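Just so you know, the sequences run in chain order A and B.
Yeah, the first sequence ends on 365 if you go by UniProt numbering, and it's all consecutive.
Yeah, the second sequence ends on 365 if you go by UniProt numbering, and it's all consecutive.
The hints are simulated quantities; they were obtained by calculation from the structure and are not laboratory data.
Where hints are given, some of them may not hold.
Not the full set, but computed from the structure, chain A residues with beta-carbon under 8 Å of chain B [as the list claims (entries may be wrong)]:
| id | residue |
| --- | --- |
| 1 | Asn3 |
| 2 | Phe86 |
| 3 | Leu90 |
| 4 | Lys92 |
| 5 | His148 |
| 6 | Leu150 |
| 7 | Gly151 |
| 8 | Gln233 |
Within a straight-line C-alpha distance of at most 25 Å, the following computed DMTMM-like cross-link-like pairs (lysine to aspartate or glutamate) qualify [to be verified]:
| id | chain 1 | residue 1 | chain 2 | residue 2 |
| --- | --- | --- | --- | --- |
| 9 | B | Lys214 | B | Asp194 |
| 10 | A | Lys97 | B | Glu235 |
| 11 | B | Lys75 | A | Asp87 |
| 12 | A | Lys75 | B | Asp78 |
| 13 | A | Lys97 | A | Asp30 |
| 14 | A | Lys97 | A | Glu162 |
| 15 | A | Lys75 | B | Glu235 |
| 16 | A | Lys92 | A | Asp30 |
| 17 | B | Lys97 | B | Asp66 |
| 18 | A | Lys92 | A | Asp78 |
| 19 | A | Lys97 | B | Asp347 |
| 20 | A | Lys214 | A | Asp234 |
| 21 | B | Lys75 | A | Glu91 |
| 22 | B | Lys63 | B | Glu162 |
| 23 | B | Lys97 | A | Glu235 |
| 24 | B | Lys97 | A | Asp234 |
| 25 | B | Lys97 | A | Asp78 |
| 26 | B | Lys92 | A | Asp169 |
| 27 | A | Lys97 | B | Asp169 |
| 28 | B | Lys97 | B | Asp194 |
| 29 | B | Lys97 | A | Asp347 |
| 30 | A | Lys92 | B | Glu91 |
| 31 | B | Lys92 | A | Asp87 |
| 32 | A | Lys214 | A | Glu235 |
| 33 | A | Lys75 | A | Asp347 |
| 34 | B | Lys214 | B | Glu283 |
| 35 | A | Lys97 | B | Asp194 |
| 36 | B | Lys63 | B | Asp46 |
| 37 | A | Lys92 | B | Asp78 |
| 38 | B | Lys214 | B | Glu202 |
| 39 | A | Lys63 | A | Glu23 |
| 40 | A | Lys92 | B | Asp347 |
Keep in mind that this is a model prediction, so the values were computed, not measured.
Glycine is no exception: its CB is placed at the ideal position from the N, C-alpha and C atoms.
If you want the building blocks of each chain, they are given just below.
Number of protein chains: 2
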Amino acid sequence: MYNLLHELPVDLGERSYPILIGERMLGEYDLSGYVAGSQVMLVTNDVVGPLYLEQARASFRGKSIDAVVLPDGEKHKDWQTLNLIFDALLEKRHTRKTTLVALGGGVVGDMTGFAAASYQRGVPFIQIPTTLLSQVDSSVGGKTGINHPLGKNMIGAFHQPEVVLIDTDTLQTLPPREVSAGLAEVIKYGLIRDIPFLDWLEQSIEQLVACDSKTLAEAIMRSCACKADVVAQDERESGLRATLNLGHTFGHAIETFAGYGNWLHGEAVGTGMVMAAELSAREGFIGPADYDRVVDLVSRANLPVYPPSNMTPADFMNLMAVDKKNVDGRLRLVLLRAIGDAMVTSDASPDNLSATLNAFCRQQS
Amino acid sequence: MYNLLHELPVDLGERSYPILIGERMLGEYDLSGYVAGSQVMLVTNDVVGPLYLEQARASFRGKSIDAVVLPDGEKHKDWQTLNLIFDALLEKRHTRKTTLVALGGGVVGDMTGFAAASYQRGVPFIQIPTTLLSQVDSSVGGKTGINHPLGKNMIGAFHQPEVVLIDTDTLQTLPPREVSAGLAEVIKYGLIRDIPFLDWLEQSIEQLVACDSKTLAEAIMRSCACKADVVAQDERESGLRATLNLGHTFGHAIETFAGYGNWLHGEAVGTGMVMAAELSAREGFIGPADYDRVVDLVSRANLPVYPPSNMTPADFMNLMAVDKKNVDGRLRLVLLRAIGDAMVTSDASPDNLSATLNAFCRQQS
Numbered sequence: 001m002y003n004l005l006h007e008l009p010v011d012l013g014e015r016s017y018p019i020l021i022g023e024r025m026l027g028e029y030d031l032s033g034y035v036a037g038s039q040v041m042l043v044t045n046d047v048v049g050p051l052y053l054e055q056a057r058a059s060f061r062g063k064s065i066d067a068v069v070l071p072d073g074e075k076h077k078d079w080q081t082l083n084l085i086f087d088a089l090l091e092k093r094h095t096r097k098t099t100l101v102a103l104g105g106g107v108v109g110d111m112t113g114f115a116a117a118s119y120q121r122g123v124p125f126i127q128i129p130t131t132l133l134s135q136v137d138s139s140v141g142g143k144t145g146i147n148h149p150l151g152k153n154m155i156g157a158f159h160q161p162e163v164v165l166i167d168t169d170t171l172q173t174l175p176p177r178e179v180s181a182g183l184a185e186v187i188k189y190g191l192i193r194d195i196p197f198l199d200w201l202e203q204s205i206e207q208l209v210a211c212d213s214k215t216l217a218e219a220i221m222r223s224c225a226c227k228a229d230v231v232a233q234d235e236r237e238s239g240l241r242a243t244l245n246l247g248h249t250f251g252h253a254i255e256t257f258a259g260y261g262n263w264l265h266g267e268a269v270g271t272g273m274v275m276a277a278e279l280s281a282r283e284g285f286i287g288p289a290d291y292d293r294v295v296d297l298v299s300r301a302n303l304p305v306y307p308p309s310n311m312t313p314a315d316f317m318n319l320m321a322v323d324k325k326n327v328d329g330r331l332r333l334v335l336l337r338a339i340g341d342a343m344v345t346s347d348a349s350p351d352n353l354s355a356t357l358n359a360f361c362r363q364q365s
Numbered sequence: 001m002y003n004l005l006h007e008l009p010v011d012l013g014e015r016s017y018p019i020l021i022g023e024r025m026l027g028e029y030d031l032s033g034y035v036a037g038s039q040v041m042l043v044t045n046d047v048v049g050p051l052y053l054e055q056a057r058a059s060f061r062g063k064s065i066d067a068v069v070l071p072d073g074e075k076h077k078d079w080q081t082l083n084l085i086f087d088a089l090l091e092k093r094h095t096r097k098t099t100l101v102a103l104g105g106g107v108v109g110d111m112t113g114f115a116a117a118s119y120q121r122g123v124p125f126i127q128i129p130t131t132l133l134s135q136v137d138s139s140v141g142g143k144t145g146i147n148h149p150l151g152k153n154m155i156g157a158f159h160q161p162e163v164v165l166i167d168t169d170t171l172q173t174l175p176p177r178e179v180s181a182g183l184a185e186v187i188k189y190g191l192i193r194d195i196p197f198l199d200w201l202e203q204s205i206e207q208l209v210a211c212d213s214k215t216l217a218e219a220i221m222r223s224c225a226c227k228a229d230v231v232a233q234d235e236r237e238s239g240l241r242a243t244l245n246l247g248h249t250f251g252h253a254i255e256t257f258a259g260y261g262n263w264l265h266g267e268a269v270g271t272g273m274v275m276a277a278e279l280s281a282r283e284g285f286i287g288p289a290d291y292d293r294v295v296d297l298v299s300r301a302n303l304p305v306y307p308p309s310n311m312t313p314a315d316f317m318n319l320m321a322v323d324k325k326n327v328d329g330r331l332r333l334v335l336l337r338a339i340g341d342a343m344v345t346s347d348a349s350p351d352n353l354s355a356t357l358n359a360f361c362r363q364q365s
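With the rest of the complex left out, here is chain A:
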């Protein structure tokens, strides 16, 4: 029997939905009440599918269920792979009353969400995230999309799910490197707006790295609550929501440089947060002890604190210039005004930015 531990509401008016967090949920908890029509298209990948696809089917009692299995990995987050979902929907004659279900990590979630936003100009979808990263980040907030060779997530839509189901049991099959990658986003919430949570993380980081189920459940709940709160205040990212991108501008540059999938998203964000903290110290917002605290926690999560050894400051500048957080050509960054207090700014001194890049790049331009 399932054990529903937390039910978090995400308040978005007409588009509100709940996040359900628990144990033994997949296959035991019946989601058919969240499906308006009779058709369901389960979307997963070739790593998660063999583990959980049959279980997931059992969560949609009385529905007509089809499934499509995508190749795994960020490098497949492209139009060709997205089109496999459209092919399956059309071949199986799914109407505009169908419901799509994303079963997998962030890549499956982002692509399934965008497919749902675009199929026949929009159909509902459900998120069942199976990685720590997607559970604490990409399944909450409605951002969907695919990559373009010239930039990550450049093509997409805002599209909210009907419900998010998080089964902590799926984390037991997750590789340790992916657990660490998920912890980068968990740490981020503490850094940008929740000092008590950051204190708790500094005490709990070893249990989290060791995949202790109870500690992970607590971290997921507090992370989702934090993100849901931010998204409810600023769904379309006009202001506050942009602080969730702490470390992401540096991080996206690293991911693009390394080639999609070679660095995990969370690994790049881990290093990106350390770089953002260092720049925040140069700008005089935080002190050296605060910066050391960031480096310490990111390191204890087994995350990298330096970019790829062959990446130069010029590589960063080129790749950050196309980042979508830029307005009218000015580089927009998320910095820490203090520990637990992030802000978005276009006013970072070019000299300080340059000094930060020089400090982190082992190879100069």
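Let chain A serve as the given structure and place chain B on it in line with the hints.
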């Protein structure tokens, strides 16, 4: 100097926008007040571009303008061509504050609108439709999208423009066949909800076919007002808006059968309306004289009244089954309850539908 004849408001709350109709508008009328940022990406095709691209640039005073020229035609309304827009946006480093401008017919408008809906999860766009069909139909209402090999407009979004600029001078360079195709949608408005307009069309159809500028301007204004009224009442097509699809279910089947671009959309809709009227007569809603009136007007607009000679009833049934107006497997059709009064129904008798298909197909299954 431009001559602004009509300004129609489309009332969609926060997403309201005006339709501007006039003479000598392109290049003379300044649209820069509708552009929030500094960047503009003009999207056109290789037929319209040589005629109007330079003129269009002059309508965006003081803006930084880039342009991308797509191959012309419905057969290019696909992902590969859509991606040319994304390529141009990213190569020219357009941010999320850019504005896209569609300069061309319905295909350019639908693709540019979907590119705008999807680029960085949504940027604003402006419609400058240059064909009669796009002026009276696809530039109003926010439907955007591309085709899939298994169905038309299967991938897209609802995305409203900031403004629609209609310059009737662009119709003087339009081939006669495309004028007729546009008249199919004009006739549709009379048939579904406006008897006085239908009466006026029966008096004016020869001047319209002959491309008389003043008569065309009147027809465009009344068509846009009609569509704007319907869309304002039902933006997401839950009910009333579906009546705008009169003739489209049969028409889409014809277009798909013929191969995209071989039959013009308006030509297929012309034949589709005649078939829908014939089925409406069989169902006992309209009389033989009403049906003759439809055939007469469509014929006088120089539109076809029979499907391709090698198309069978079975072809229709196969192709209509994937049409997106179907709910849970039942064929949904727009029929005429009376002249000037359309309705959506899933209750058409299968025998009558079959008789209609047999009557129109010169080759049986």
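Exercise for review: Tell me, in ascending order, the numbers of any earlier hints that this structure violates.
Suggested key: Failing hints, ascending: 1, 4, 8, 15, 20, 26, 27, 28, 30, 31, 32, 33, 34 and 35.
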